[in-house]
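Given chain A's structure and the hints, the job is docking chain B onto it.
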Amino acid sequence: MPNQLKKSLWTVLATAACVVSWPLAAQDRPDWSGVWAMIGGTIFDADTKTGEGGSTTPGVREHPPYNAEWEAKYLANLAQRDAGTFPDPNSFCGIPTGFPRIFNLPDVYEFAVTDKQVWIITENGPNIMRIYTDGRAHPPAEDMWPTHTGDSVGHWEGDTLVFDTLSLHSSESGNTILDRTGLILSDAAHSVTRMRINDNGQMEVQMTIDDARAFTAPWVVTKRFRHLEEGSRVYDYACNENNRNPIDPNTGWTYTTDTEGNIIDRNPGQ
Amino acid sequence: MKRLMIVLAAGLVLSSLPVVAHHSNAMFDQDRVIEMSGTVKEFQFTNPHTWLQVVVTDAAGRETEWSLEWGSPNNLGRQGIRPSTFPPGSALKVRTYPMKDGSPGGLFIGAMFNDGKTVGNWE
Chain A
9 MPNQLKKSLW TVLATAACVV SWPLAAQDRP DWSGVWAMIG GTIFDADTKT GEGGSTTPGV
69 REHPPYNAEW EAKYLANLAQ RDAGTFPDPN SFCGIPTGFP RIFNLPDVYE FAVTDKQVWI
129 ITENGPNIMR IYTDGRAHPP AEDMWPTHTG DSVGHWEGDT LVFDTLSLHS SESGNTILDR
189 TGLILSDAAH SVTRMRINDN GQMEVQMTID DARAFTAPWV VTKRFRHLEE GSRVYDYACN
249 ENNRNPIDPN TGWTYTTDTE GNIIDRNPGQ
Chain B
49 MKRLMIVLAA GLVLSSLPVV AHHSNAMFDQ DRVIEMSGTV KEFQFTNPHT WLQVVVTDAA
109 GRETEWSLEW GSPNNLGRQG IRPSTFPPGS ALKVRTYPMK DGSPGGLFIG AMFNDGKTVG
169 NWE
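In the order they appear, the protein sequences are chains A and B. Its first residue numbered 9, the first sequence is counted upward by one per residue in my numbering. Its first residue numbered 49, the second sequence is counted upward by one per residue in my numbering.
Keep in mind the hints are simulated off the structure, nothing from the lab. Predicted, not measured: the structure shown is a model, and the values here were computed from it. Note that beta-carbon positions come from the ideal geometry of N, C-alpha and C, so glycine has one too. A few of these clues could be false.
[Unchecked claim] If you want a taste of the chain A side facing chain B, the calculated C-beta under 7 Å gives, among others:
(1) T64
(2) A246
(3) I272
(4) R274
[Stated by the list, open to error] Straight-line alpha carbon distances no greater than 20 Å define the calculated EDC-like cross-link-like pairs of lysine to aspartate or glutamate that follow:
(5) B:K148 x A:D273
(6) B:K148 x A:D266
(7) B:K89 x A:E268
(8) A:K124 x A:D39
Just chain B, with the same shape it has in the complex:
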């Protein structure tokens, strides 16, 4: 899958900030949103935070695994999110507040699968 990365205006999604309660969010650039197309490698439904691992392939064919941090499995579980929400191998688009230093990670905002189903905040 070819890499697709779009920088969005952060105001589009600031109305519903993801909750990361366990630590500071200082590593995330919450003034910037990026959107990528990729494939789910793994959804770690673990404490203290869940992690969506997404493999993104660039135009040269190089693969990069992104680590996208989300809320606690407990709070997400009460909102209907399950370990099966992101099946490995699924193609999707994801939006994230990226790491400030440009490393392949970020704070998860939302995702849309190829069939149009969305998870999280996708407005």
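So that you can see chain A by itself, here it is in the shape it has in the complex:
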């Protein structure tokens, strides 16, 4: 083989290795170790937030590119939120948070990079999301079913992890919301996510979410995480350990109990 041809072939292979799924050798993995915490409150898309306050404050909302049908669904959720009765699945201590809300949690995070997978591990929940970087593709459509974190396959572009997520639950099932304003997605949601440590030393997660059923355009949301001081620890989160806030399954109201489990307050709406 002529030298020029060999050189060209190596150039093509080297370029392909950078942009196509490829197991990452240990020395090439970025250092994402340590403990991280989300910057800002649990409004999923702070860039489009309107109103003053947090996700449970009446009047606060976000503005994804919903079509009319899904805007109406969101407005209905906001009305429930205003009444203090929006049923947040996280409050029931039962099911995983799922994607993309897994990038919108309080408490802390770990980002574990291995040669063939990346794991997003959250103290809250706890939750884990697996991103395969070993070169595999998504399974055929007939071999996938909706799950909380969906199916994610990715590759490295230098120190940036790029991954593709689909096969998510629809919020219509009641299993998945993005925050306590009642932000939702359908089971057609699909995301391309880019994760890297930015120039400020923050973990930056940029999600470009499209949803053929709910959106009129792609929706780009960026979440950032700060690195906690070295030596920080992550602890067990056991939601049912001493949950003194049972939720009325009929009204969605959150009660408070005494130390014996007796409800001490009443739903002001009843």
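Using the frame of chain A, we list chain B on its own:
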């Protein structure tokens, strides 16, 4: 200990809202702060939230146990709070956003022990 309850302007403490991440805060009146004197019965350093149980005695001698909800033990632990932070039997003043319906509970804001030591947000 005689009951002491003072209603404060909420603006005094709104600059540092306590974090309750697991559920809605709709049951708390965050426009109103009350301050009480009482005795620690128990500090439940548990998930998903910690709870400070404080016994408050009114002018007629009637005792009421208040349930004051605070953040997760994990986050508080990273901020230096420990299961031993509130020893049972300790006398203190506490500030809370009370329950809207007047039941003996609230969202914990801060506390001051008789020796002047403070915990949480006590400005």
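Hint check results:
Checking T64 (chain A) against chain B by beta carbon gives a least distance of about 5 Å; that is within 7 Å, so the hint holds. Hint on A246 (chain A) holds. Least Cβ distance to chain B is approximately 5 Å, under the 7 Å limit. At its closest, the beta carbon of I272 (chain A) sits 5 Å from a beta carbon of chain B; the interface hint therefore holds under the 7 Å criterion. Taken as an interface hint, R274 (chain A) checks out: its beta carbon lies about 5 Å from the nearest beta carbon of chain B, inside 7 Å.
The suggested pairing of K148 (chain B) with D273 (chain A) holds, with an alpha-carbon distance near 9 Å, which does not exceed 20 Å. Annotation: proposed proximity of K148 (chain B) to D266 (chain A) holds, straight-line Cα distance about 16 Å (limit 20 Å). A threshold of 20 Å between alpha carbons decides the hint, and for K89 (chain B) with E268 (chain A) the separation of about 14 Å falls inside it, so the pair holds. Annotation: proposed proximity of K124 (chain A) to D39 (chain A) holds, straight-line Cα distance about 15 Å (limit 20 Å).
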